[in-house]
Amino acid sequence: ALLLGLASNPNLKEVSLDLSCCELRSGGSQILEGCIAEIPNVSSLDISDNGLDSDLSTLLVWLAKNRSIRHLSLGKNFTNIKSKNLAPVLDNLVQMIQEEDSPLTSLSLADSRLKSDLTIVLNALGSNSSLTRLDISGNAMGDMGAKMLAKALQINTKLRNFTIRFMPIPIIDASQALKANPEKTETPC
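Under our numbering, think of the first position of the sequence shown as 19, with each following residue one higher.
By construction, these hints were calculated from the structure, which means they are not laboratory data.
Glycine included, each C-beta is placed from N, C-alpha and C at the ideal position.
Where hints are given, some of them may not hold.
[What the hints assert, rightly or not] Computed Cβ-Cβ distance ranges for the label pairs, DEER-style:
(1) Arg85 / Leu22: 16 to 24 Å
(2) Lys197 / Ile49: 22 to 30 Å
(3) Asn179 / Glu118: 33 to 41 Å
(4) Ser44 / Ser147: 31 to 39 Å
(5) Cys40 / Lys197: 24 to 32 Å
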């Protein structure tokens, strides 16, 4: 009912929809799939911590069709996903962020515990032209992930703000990336 109301009200603009921690699971994912592409006024969608797991694969296809969502939070939805089901989910996420005219400017995968699988997403950042913010905190990406992030930061000209809390990373890789692109550092006011 909420989604139908959003879809049918042309007066609403720039809606931030926080559905985090609502235990949507498979049933909620199917409901979102049925209407999310047609909701033109949601600019921020938080569906983190909903046990979506492998259902994210199909949901991401529908989310990519929505042209108004600029911020998307997906964190804590990868905890119980089997490794064989993770690849299609990450592939669809990569397709979504690599789309040439993607409206998505901010993505949060915080606390998803993707570990080395995060490199699939990080590798896609090199060719991404829309994301300016990325939160990959709590993913334990390891040395390879840190190297992939460093490489992506050397190539990507749009990403300005990234969060990597709670992850030990080789500081030499991060510093080399920032030296190569000093415009990516922000000076406090």
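Structure-based check of all given hints:
Roughly 19 Å separates the CB atoms of Arg85 and Leu22, a value that falls within the hinted 16 to 24 Å. Distance hint check for Lys197 and Ile49: the Cβ-Cβ separation is about 47 Å, which falls outside the suggested range of 22 to 30 Å. Checking the proposed 33 to 41 Å range against Asn179 and Glu118 shows it is violated: the Cβ atoms sit about 22 Å from each other. In this structure the supplied range 31 to 39 Å holds for Ser44 paired with Ser147, their Cβ-Cβ distance being about 33 Å.
For Cys40 and Lys197, the Cβ-Cβ distance of about 43 Å falls outside the hinted range of 24 to 32 Å, so the restraint is violated.
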